[in-house]
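Student: Starting from the known structure of chain C, fit chain R onto it as the hints suggest.
Order-wise, the sequence lines are chains C and R. Position in the first sequence (first residue = 1) + 10 = our numbering. Position in the second sequence (first residue = 1) + 1 = our numbering.
Rather than coming from a laboratory, the hints here were simulated on the basis of the structure. Any given hint might turn out to be false.
[To be verified] Far from chain C, some chain R residues (derived; all Cβ distances over 12 Å):
| hint | residue |
| --- | --- |
| 1 | E21 |
| 2 | P33 |
| 3 | W90 |
| 4 | V107 |
| 5 | I123 |
| 6 | R127 |
| 7 | V155 |
| 8 | D167 |
| 9 | E189 |
| 10 | L199 |
| 11 | L205 |
[Unchecked claim] Simulated coverage check for chain R against chain C, where a stretch passes if three residues somewhere in it have a Cβ under 8 Å from a Cβ of chain C:
| hint | segment |
| --- | --- |
| 12 | 13 to 20 |
| 13 | 137 to 149 |
[To be verified] Derived CB-CB ranges, DEER-like:
| hint | chain 1 | residue 1 | chain 2 | residue 2 | range |
| --- | --- | --- | --- | --- | --- |
| 14 | C | A129 | R | A59 | 29 to 37 Å |
| 15 | R | E28 | C | E170 | 44 to 52 Å |
| 16 | R | D142 | C | G145 | 51 to 59 Å |
| 17 | C | G246 | R | N143 | 51 to 59 Å |
| 18 | C | T193 | R | R138 | 44 to 52 Å |
| 19 | C | I71 | R | N143 | 37 to 45 Å |
| 20 | C | G208 | R | E206 | 28 to 36 Å |
| 21 | R | D142 | C | D252 | 20 to 28 Å |
Don't be surprised by glycine CBs; every beta carbon is placed ideally from N, CA and C.
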Amino acid sequence: MIAKRIIPCLDVRAGQVTKGVRFLDNADVGDPVAMARYYYEQGADELVFYDITASNERRGIMIDVVRAVAREIFIPFSVGGGLRTLEDMRAVLLAGAEKVSIDSGAVRDPSLIAAGARAFGSQCVVLSMQVKRTGRAGLPSGHEVIIDGGRTPTRRDAFEWAREGERMGAGELCVNSIDADGTKAGYDLEITRMIADGVGIPVIASGGAGEPRHLLDAFTAGGADAAIVASIVHYGECTIPDLKRYLRGSGVEIREAINLDFRDEETKRSGT
Amino acid sequence: MIAIVDYKAGNLTSVARALEHLGHSCEITDRPERVRAADRAILPGVGAAGATMENLRALGLDEVLRNDVVGAGKPFLGICIGIQVLFDWSEEDDARCLGIIAGRVVRFPPAVDGRPLKVPQIGWNRVRQTQPHPVFRGVPDNTHFYFVNSYYPVPDDPALVIAASDHGVPFCAAVARDNVVATQFHLEKSGAAGLRLLDNFCRLEP
Chain C
11 MIAKRIIPCL DVRAGQVTKG VRFLDNADVG DPVAMARYYY EQGADELVFY DITASNERRG
71 IMIDVVRAVA REIFIPFSVG GGLRTLEDMR AVLLAGAEKV SIDSGAVRDP SLIAAGARAF
131 GSQCVVLSMQ VKRTGRAGLP SGHEVIIDGG RTPTRRDAFE WAREGERMGA GELCVNSIDA
191 DGTKAGYDLE ITRMIADGVG IPVIASGGAG EPRHLLDAFT AGGADAAIVA SIVHYGECTI
251 PDLKRYLRGS GVEIREAINL DFRDEETKRS GT
Chain R
2 MIAIVDYKAG NLTSVARALE HLGHSCEITD RPERVRAADR AILPGVGAAG ATMENLRALG
62 LDEVLRNDVV GAGKPFLGIC IGIQVLFDWS EEDDARCLGI IAGRVVRFPP AVDGRPLKVP
122 QIGWNRVRQT QPHPVFRGVP DNTHFYFVNS YYPVPDDPAL VIAASDHGVP FCAAVARDNV
182 VATQFHLEKS GAAGLRLLDN FCRLEP
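Here chain C stands alone, though its shape is the one from the complex (with noise of 0.2 Å):
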């Protein structure tokens, strides 16, 4: 059985890690490189880096970022924002990057989906989406998607551009909430569950975690497959290995994160 992942999400801006809350009053916490090589050794799942300012005369630094990062983690990780061609994301994969998320990107063109499927595969497609709760008319979810970093609606139905990702060939869907990002009360099960009920592919939830307890209920009654972490971990609430010990004894299949330090062994045992 697949283990449930647990994906710390590191925002850079200018080649520095930030937290965003609620999208505003970002704090520097730090190097994204360190970070990376820190949550790794943690026994974090996989990684994911927003680079939140995303411009094309910063692109370069994003790029050297991801450079750095593949060389000291071997785990998979993810690098969105401001992705919005083929060539995009083909710079970040060749930097190093497992997967590259596309975002508003996608919903200005649709088609940036399949033809990122078709050149990398799917699993390297990973269509995130910013949802939030609304009233408006003819959004039978409930929840409409939000581009641009939280700033503008598009009228469009969480559901069903979830449902249509899934068809251009995004090989997993990261639900973002807009009104749990920053808030610490847990994320937003409703959509989560009805985005992972209706598609085939992965569901990662996004925004909201305070405490353990809200990971047990993403994967639980959120059906989600994988959970994105950030402030919960990113000022030392809770270990990667603390959630891990909770979710675990929750009965929840999580990967056991094994530390090998065989290179000492090597050296020992060649008397070196």
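Tutor: Structure of chain R alone, referenced to chain C:
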């Protein structure tokens, strides 16, 4: 030197970075003479069986792998699509493959016991070591490894299976025969355990 066989598809640099991290020198190459000159070879990556085989044939690498690597007794490691093309045939693209190991490659069923199965499987799955093999040295049984696959191999000879896993159905996660080892999971993305297997492969005696 270890040749990482470039067949113009998957992400080969991640395997190269893992080898460099472990201190093993390697070269990504699509040239038959460079693969022939290597002490051992790795066929890694993500891709479709049909396109992978077309590219290997176009580059003349199918014969090199069969005769000058596997046939010459050099250690050979296949990863992901690199395990699948070792077999006779793949259901993916109805592709005729290398035929180095007798058997076929089939797709996961869409549902098991009426419950839909997520295909491809993407994520960490437990790997049961069904028989001892030097590539597993130092790796505990039932360790999780990272998988991304819609298809899995079915060797004609079950005695070649060295590891198994489960995704709706039990499936072959690794095979070995003589100097050939191949895994369905991604060693280069499986953290410390994957690095250990990769290192063990690099130390196999030819």
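Student: For the pair D142(R) and G145(C), does the Cβ-Cβ distance stay inside 51 to 59 Å?
Tutor: Given range 51 to 59 Å: holds, Cβ gap about 54 Å.
Student: Looking only at beta-carbon atoms, does the pair G246(C), N143(R) fall within the given range of 51 to 59 Å?
Tutor: 31 Å Cβ-Cβ, so the 51 to 59 Å window is violated.
Student: In terms of Cβ atoms, is chain C entirely out of 12 Å range of L205(R)?
Tutor: Given that every Cβ of chain C is farther than 12 Å from that of L205(R), nearest at about 14 Å, it holds.
Student: Is it the case that L199(R) keeps its Cβ farther than 12 Å from each residue Cβ in chain C?
Tutor: 9 Å, violated
Student: Looking only at beta-carbon atoms, does the pair D142(R), D252(C) fall within the given range of 20 to 28 Å?
Tutor: 26 Å, holds
Student: Examine each Cβ of chain C, and state whether all of them lie more than 12 Å from the Cβ of R127(R).
Tutor: 8 Å, violated
Student: Apply the coverage criterion to the segment 13 to 20 of chain R and chain C: a residue qualifies when its Cβ sits closer than 8 Å to a Cβ of the chain, and three qualifying residues are needed.
Tutor: That given contact holds, which follows from 4 residues of the segment 13 to 20 of chain R lying within Cβ reach (below 8 Å) of chain C.
Student: With 12 Å as the threshold, tell me whether E189(R) passes as away from chain C on beta-carbon distances.
Tutor: 6 Å, violated
Student: Should the hint that E28(R) and E170(C) are 44 to 52 Å apart at their CB atoms be regarded as holding?
Tutor: Cβ of E28(R) to Cβ of E170(C): about 48 Å, so the range 44 to 52 Å holds.
Student: Holds or violated: the 29 to 37 Å window for the beta-carbon distance between A129(C) and A59(R)?
Tutor: 19 Å, violated
Student: Between T193(C) and R138(R), does the beta-carbon spacing fit 44 to 52 Å?
Tutor: Hint holds: Cβ distance 48 Å, inside 44 to 52 Å.
Student: Using the Cβ atoms, figure out if I71(C) sits within 37 to 45 Å of N143(R).
Tutor: The hint (37 to 45 Å, Cβ to Cβ) holds, given that I71(C) and N143(R) are roughly 41 Å apart.
The structure fails hints 1, 5, 6, 8, 9, 10, 14, 17 and 20 (numbered hints given earlier, in ascending order).
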